[in-house]
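Under the numbering used here, the first residue of the sequence shown carries the number 1, and numbering increases by one thereafter.
One or more of the hints may lead you astray.
Claimed, not checked - Computed spacing ranges between beta-carbons, pair by pair:
(1) V113 with T20: 34 to 44 Å
(2) A2 with W23: 20 to 30 Å
(3) V113 with D17: 29 to 39 Å
(4) S40 with K64: 14 to 24 Å
(5) Q18 with S72: 31 to 41 Å
(6) A19 with A111: 15 to 25 Å
(7) S40 with L74: 32 to 42 Å
Stated by the list, open to error - Only pairs whose alpha carbons sit at most 20 Å apart, straight line, appear in this in silico SDA-like list of lysine to any residue:
(8) K52 with A90
(9) K82 with P61
(10) K108 with S42
(11) K24 with K110
(12) K108 with K52
(13) K70 with A8
(14) K82 with N67
(15) K70 with Y15
(16) K52 with Y15
(17) K52 with K82
(18) K110 with K52
(19) K70 with S42
Derived from the structure by calculation, the hints contain no laboratory data. Everything numeric in this text was worked out from a predicted model, so none of it was measured. Quick reminder that beta carbons are idealized off the backbone N, C-alpha and C, glycines included.
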Amino acid sequence: MAESSIAAARAAVYYYDQATKGWKSVDGGLSRVDVFFNSSNSTYRVVGISTKTNQAVINSPIFKELNFQKASNLFYQWSDAKNSYGLNFASEPEANLFATAMNDSIAKLKAGVSAPPPPAPKPAPAPAPAPAPAPAPAPTPAPTPPPAAPKPAAAPGIIDAFKKHPQKMVTG
Numbered sequence: 001m002a003e004s005s006i007a008a009a010r011a012a013v014y015y016y017d018q019a020t021k022g023w024k025s026v027d028g029g030l031s032r033v034d035v036f037f038n039s040s041n042s043t044y045r046v047v048g049i050s051t052k053t054n055q056a057v058i059n060s061p062i063f064k065e066l067n068f069q070k071a072s073n074l075f076y077q078w079s080d081a082k083n084s085y086g087l088n089f090a091s092e093p094e095a096n097l098f099a100t101a102m103n104d105s106i107a108k109l110k111a112g113v114s115a116p117p118p119p120a121p122k123p124a125p126a127p128a129p130a131p132a133p134a135p136a137p138a139p140t141p142a143p144t145p146p147p148a149a150p151k152p153a154a155a156p157g158i159i160d161a162f163k164k165h166p167q168k169m170v171t172g
């Protein structure tokens, strides 16, 4: 199966409880919620994974009749055949990104288009290495320097003392 994420955001996931007529938090924390596209069968789905337990907290198909609604700048909701879902996003930019992916997915399903929204741009590949430079010509030998002047010999007593007791030598 060739499934890939086309949008991801952080959100608290809720189910609507018919008995209490209210929203119930799935795990009391944030989840990573993705919109996935499956290129082998041209389907979309929403999958949420709890950051607390690493367990799936939502796995909802996206279909062309789906009514994805904005309740506030951070809260969106929809229903499938089994449940009503709510997502309370961690930030408005994440809510907008996710909502755009959901609405684009629904529009593509309605239009019968099988391609997903374009993926996020990837960084440009590194440039190809430059060809190796041509070998440099052999260097011209330098003229031989004149012989160095002889160094004056050190006093024999100092060298012998240093060889026998190097830790006691102090230089000034």
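Evaluated hints:
| no. | hint | verdict |
| --- | --- | --- |
| 1 | V113 with T20: 34 to 44 Å | 40 Å, holds |
| 2 | A2 with W23: 20 to 30 Å | 34 Å, violated |
| 3 | V113 with D17: 29 to 39 Å | 36 Å, holds |
| 4 | S40 with K64: 14 to 24 Å | 18 Å, holds |
| 5 | Q18 with S72: 31 to 41 Å | 22 Å, violated |
| 6 | A19 with A111: 15 to 25 Å | 38 Å, violated |
| 7 | S40 with L74: 32 to 42 Å | 34 Å, holds |
| 8 | K52 with A90 | 15 Å, holds |
| 9 | K82 with P61 | 11 Å, holds |
| 10 | K108 with S42 | 10 Å, holds |
| 11 | K24 with K110 | 31 Å, violated |
| 12 | K108 with K52 | 33 Å, violated |
| 13 | K70 with A8 | 17 Å, holds |
| 14 | K82 with N67 | 14 Å, holds |
| 15 | K70 with Y15 | 16 Å, holds |
| 16 | K52 with Y15 | 18 Å, holds |
| 17 | K52 with K82 | 24 Å, violated |
| 18 | K110 with K52 | 36 Å, violated |
| 19 | K70 with S42 | 25 Å, violated |
Violated hints, listed in ascending order, are 2, 5, 6, 11, 12, 17, 18 and 19; each of the other numbered hints is respected by the structure.
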